[in-house]
Amino acid sequence: MKGLILKDFMNLKQQWKIWAIFLIFYGFMSVSSKNNFMGAMIMVMCAILPTTFMSYDEKAKWDKYALSMPLSRDDMVISKYIISIFFFAAAFLLNIILNLLIGSTEIKEMLFESTILSAVGILYISIILPILFKYGVEKSRLIIMMVFFVPWILVVLFLKLNVNVPYEQIFNTYSSILPLISIVIFIISILISLNIYKRKEL
Numbered sequence: 160m161k162g163l164i165l166k167d168f169m170n171l172k173q174q175w176k177i178w179a180i181f182l183i184f185y186g187f188m189s190v191s192s193k194n195n196f197m198g199a200m201i202m203v204m205c206a207i208l209p210t211t212f213m214s215y216d217e218k219a220k221w222d223k224y225a226l227s228m229p230l231s232r233d234d235m236v237i238s239k240y241i242i243s244i245f246f247f248a249a250a251f252l253l254n255i256i257l258n259l260l261i262g263s264t265e266i267k268e269m270l271f272e273s274t275i276l277s278a279v280g281i282l283y284i285s286i287i288l289p290i291l292f293k294y295g296v297e298k299s300r301l302i303i304m305m306v307f308f309v310p311w312i313l314v315v316l317f318l319k320l321n322v323n324v325p326y327e328q329i330f331n332t333y334s335s336i337l338p339l340i341s342i343v344i345f346i347i348s349i350l351i352s353l354n355i356y357k358r359k360e361l
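For our numbering, add 159 to where a residue sits in the sequence shown, where the first one is 1.
FYI, nobody ran anything at the bench for these hints, they're computed from the structure. From the three backbone atoms N, C-alpha and C, an ideal C-beta is built for every residue, glycine too.
Once the Cα atoms are required to be at most 27 Å apart in a straight line, the calculated BS3-like pairs of lysine-lysine come out as:
| hint | residue 1 | residue 2 |
| --- | --- | --- |
| 1 | K359 | K161 |
| 2 | K166 | K298 |
| 3 | K218 | K293 |
| 4 | K298 | K220 |
| 5 | K357 | K161 |
| 6 | K357 | K223 |
| 7 | K176 | K166 |
| 8 | K357 | K220 |
Restraint-style ranges between C-beta atoms, simulated for each label pair:
| hint | residue 1 | residue 2 | range |
| --- | --- | --- | --- |
| 9 | F308 | F181 | 18 to 24 Å |
| 10 | S191 | A249 | 21 to 27 Å |
| 11 | E268 | A219 | 42 to 48 Å |
| 12 | K357 | I180 | 37 to 43 Å |
| 13 | S231 | S191 | 47 to 53 Å |
| 14 | Y224 | L316 | 42 to 48 Å |
| 15 | K161 | I342 | 20 to 26 Å |
| 16 | Y224 | F168 | 15 to 21 Å |
| 17 | L339 | I180 | 33 to 39 Å |
| 18 | N321 | I244 | 36 to 42 Å |
| 19 | I244 | W175 | 17 to 23 Å |
From just these sequences and the hints, can you work out the full model?
Structure (structure tokens):
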């Protein structure tokens, strides 16, 4: 399991410089403008990481090779969830640090904002990981794009059509339980992915 996680980190080695430049640039922009728009962007980046990991694996035909070693199919699945959580935890801490540097919100609001962003990101990967395990990266690209963009398109469409959607009321009602919902869906997602991968022909 540890080796699988380290392998994914090594696969990202060539992208570390790009990530570092991105974080430094937008971190500076956020601090100088006193607006932490970067928090949401970091969560989006973390949410697409599983696709990157699995794309490398697919191109290298890694799964067949890995399963010839003393690794189980469960290990292959769970490692992707573990590394995803690691990056969301790192993003959570980075978002807290940026908010402290900006000093635009109180600590309570800061923690709440970071928790909500993380919960939304976890919900997203909970949806896309079973899809990736089921169909593979190439076949899943359109579905993943729809999962990501359709909610935003619907919000914009409702605003354009002046549809009376009580966004604030919905947010106030469900935001406090969103982290719990995301944890439950995350666990369900793991179980679904395990079941899919056990039956998958490689």
